[in-house]
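Chain residues, written in single-letter form:
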Amino acid sequence: MSEEKHFVFPGELLRKFSKYKVGDGVIKLGSYPVSSLFGILTVNKKTISVIPYKEIYRPKKGDIVIGVVVGYGNSGWFIDIGSYTKAFLHVSEAIKGKFDSRLNDLSDYLRIGDVVIAKVTDVSRLGYFQVSIKGRGLGKITDAYFIKVNPVKLRRIIGRKGSMINLIKEYIGGDIILGKNGVIAYRNGYEAYKKLRKIINIIAEKTFASGLTSYIAEVLKGEK
Amino acid sequence: MVEKVNYIRYDGRKPDEMRPYQIKTGIFRNADGSAEIKLGGNWIVVAVYGPREHFPKAQLSQDKAILNCRYHMAPYSTSERKSPKPSRREIELSKVIKNALERAILLDQFPEMTIDVYIEVLQAEGSTRVASITAASVALADAGIPMRDMVVGCSVGKINGQLVLDVGEEEDKTGEADLPIAIMPNLKKIVLLQMDGKLTHKEFKEAFELALKGAMQLHEAQIKALMERVKEMEQFGDSR
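Protein chains in written order, with our numbering: chain A, -5 to 218; chain B, 21 to 260.
For the record, the hints were derived by calculation from the structure and aren't laboratory data.
Do not take every clue at face value.
Cβ pair distances, simulated, as ranges [stated by the list, open to error]:
id, chain 1, residue 1, chain 2, residue 2, range
1, B, 40, A, 149, 32 to 42 Å
2, B, 81, A, 67, 44 to 54 Å
3, B, 210, A, 137, 56 to 66 Å
In silico BS3-like links for lysine-lysine, alpha-carbon gap of 27 Å or less [said to hold, decoys possible]:
id, chain 1, residue 1, chain 2, residue 2
4, A, 200, B, 118
5, A, 22, B, 84
6, A, 188, A, 54
7, A, 15, A, 80
8, B, 44, A, 10
9, A, 15, B, 208
10, A, 200, B, 209
11, A, 15, B, 77
12, A, 13, B, 102
13, A, 15, B, 44
14, B, 208, A, 55
15, A, 15, B, 118
16, B, 84, A, 54
17, B, 244, A, 55
18, B, 251, A, -1
19, A, 54, B, 77
20, A, -1, B, 222
21, B, 118, A, 10
22, A, 147, B, 244
23, B, 44, A, -1
24, B, 244, A, 80
25, B, 84, A, 10
26, B, 118, A, 22
27, B, 118, A, 147
28, B, 244, A, 174
29, B, 251, A, 200
30, B, 251, A, 13
31, A, 22, B, 77
32, A, 142, B, 233
33, A, 192, B, 84
34, A, 22, B, 244
35, A, 155, A, 90
36, B, 44, A, 80
37, A, 90, A, 174
Treat the numbers as computed from the prediction; the structure is a model and nothing was measured.
Using N, Cα and C, we set each Cβ at its ideal position, and we do this for glycine too.
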C-alpha cells in the first residue's frame, strides 16, 4: 500500500480515465466517467472503480454469507444477512429428501435465531435473492463465535493475495470463516476469540492506514 | 459584478459575503449517514437511512427507489414557538428538497427500495431550505448512496436595491426579493430555482452568478467535511 490514496467524491469527473472501463461506484455521463460514491479510487488494468468507505452488502451469485433465521414463509425461511432485503431459503435447498407440510413443520429443521452459513444461488433484477445451505461447509452453525464488520473492511482483513488472513491464521489459529456480508465466524476457544476480535477491530478502525499488515504482524508477535 | 461594494448589511457583512459556515458529518451513531450544518444562526441536522425495503408493498415503485424526505422545524427553532405539527410550508419544502435530491441520487440502482432523509431544523435564521439540501447531500454521501453529483444550495436576496448573498432572517423579512438555488456543481445543472419578489432580467442574471459563487464555496466545505471524517475514522475508528 505504498501508492498515494486518491479520494474521490460523488460527481467528480475522472477525465484522466476516459479510456478505461467503468467498474463499481463509477458511472458514465457523456464521454467521461464520473465517480458516484465517496471513497478511494482504484485502477485495475483497464477498469476503474471506487471502493466506498462504508457500504451495505450487495449480494452476488456464489457468495458465502452468514445470516440469522428471522422468519418462516410458506415453503422456507427468511434469513437476515444485513443486506437491503431478507434472503429466502427454500426448504428444498435446506433438507435432504421431500418436505411434507402435513407431517413436519419448518421449525423442526431451523428455528428463528439459528445462524446459518449459506451460499447465494440466485439474485433477481430487483435485488431479491435466494440462498442455499446444501453443500460442503454450509449449514447451521452452533459452535462458533461471531464478529460483525462493515463488508468494505473484508478487503483489508483478507489483505493482498490473502496476506493478512494467513498471518492471522498463523498466529491465532482456529477455523475462521469469512462471510461476504461482513460476518466472521470463528471456531476455537474463547481466549483465542478475544485475541482475534482485538485484531479485527484494529483492522476495521485503521482501514485507510497504510502498512497495516506489518503493523498487525508486530501486534501479533507482541502477543505471542 | 456587485456595484456598491461599500454597502454594509445589518450584521456587518459585505454584499457578497457568506455567513460563517461549518459542515460536519458522521454525527449520529444509529443512522446510516448523517450530517450537520451551521450557517450563521442556522443549525440543521440530517439523518439518512437506507436503501431499505419499502413498506407498504402496494405503494412501491417497480423501476426505482422512492425517496422519502422530511423537513421539520423544531418548536424551539424560531423566535416564537412553532407548533411541532407539519405546517403547509414544511410540507412544501419537503417536496422541493425531495425533488432537488432526486435528480442527484441514482435511484434506478435500487428498485423497490426506499431511502429516507430526515431533516431537522434545530435553529432557523433564513435560507434553511438551501442549507438543508447542502447538509442532506453530505449525509447521503456519508451513507454510501450512489449519486451523480453532490447537491449544494445558496440564496441571494435584494434589499434596498442591492443584491446580497446568503440571505439572513431579517433580510428575508424586509427585502424585496429572494432567490434560493440549488445546483449540481460538477455537472453544472440546476436542481432548485425559486424566486420570491421581483427582479429585473439584468438583476436576475447578476443574482444567479452571485448565488453560484456562494454555492461553490459551500461545495468546498462539503468536501472538507467528508475528508475530515476519514481522518477521524483513521484515528478513532468507525464506532462513534
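We went through each hint and held it up to the structure:
no.: 1; hint: 40/B / 149/A: 32 to 42 Å; verdict: 39 Å, holds
no.: 2; hint: 81/B / 67/A: 44 to 54 Å; verdict: 24 Å, violated
no.: 3; hint: 210/B / 137/A: 56 to 66 Å; verdict: 59 Å, holds
no.: 4; hint: 200/A / 118/B; verdict: 35 Å, violated
no.: 5; hint: 22/A / 84/B; verdict: 19 Å, holds
no.: 6; hint: 188/A / 54/A; verdict: 31 Å, violated
no.: 7; hint: 15/A / 80/A; verdict: 32 Å, violated
no.: 8; hint: 44/B / 10/A; verdict: 30 Å, violated
no.: 9; hint: 15/A / 208/B; verdict: 24 Å, holds
no.: 10; hint: 200/A / 209/B; verdict: 37 Å, violated
no.: 11; hint: 15/A / 77/B; verdict: 37 Å, violated
no.: 12; hint: 13/A / 102/B; verdict: 55 Å, violated
no.: 13; hint: 15/A / 44/B; verdict: 34 Å, violated
no.: 14; hint: 208/B / 55/A; verdict: 38 Å, violated
no.: 15; hint: 15/A / 118/B; verdict: 32 Å, violated
no.: 16; hint: 84/B / 54/A; verdict: 20 Å, holds
no.: 17; hint: 244/B / 55/A; verdict: 37 Å, violated
no.: 18; hint: 251/B / -1/A; verdict: 13 Å, holds
no.: 19; hint: 54/A / 77/B; verdict: 24 Å, holds
no.: 20; hint: -1/A / 222/B; verdict: 46 Å, violated
no.: 21; hint: 118/B / 10/A; verdict: 33 Å, violated
no.: 22; hint: 147/A / 244/B; verdict: 23 Å, holds
no.: 23; hint: 44/B / -1/A; verdict: 22 Å, holds
no.: 24; hint: 244/B / 80/A; verdict: 36 Å, violated
no.: 25; hint: 84/B / 10/A; verdict: 31 Å, violated
no.: 26; hint: 118/B / 22/A; verdict: 24 Å, holds
no.: 27; hint: 118/B / 147/A; verdict: 32 Å, violated
no.: 28; hint: 244/B / 174/A; verdict: 32 Å, violated
no.: 29; hint: 251/B / 200/A; verdict: 10 Å, holds
no.: 30; hint: 251/B / 13/A; verdict: 32 Å, violated
no.: 31; hint: 22/A / 77/B; verdict: 32 Å, violated
no.: 32; hint: 142/A / 233/B; verdict: 44 Å, violated
no.: 33; hint: 192/A / 84/B; verdict: 41 Å, violated
no.: 34; hint: 22/A / 244/B; verdict: 25 Å, holds
no.: 35; hint: 155/A / 90/A; verdict: 36 Å, violated
no.: 36; hint: 44/B / 80/A; verdict: 33 Å, violated
no.: 37; hint: 90/A / 174/A; verdict: 26 Å, holds
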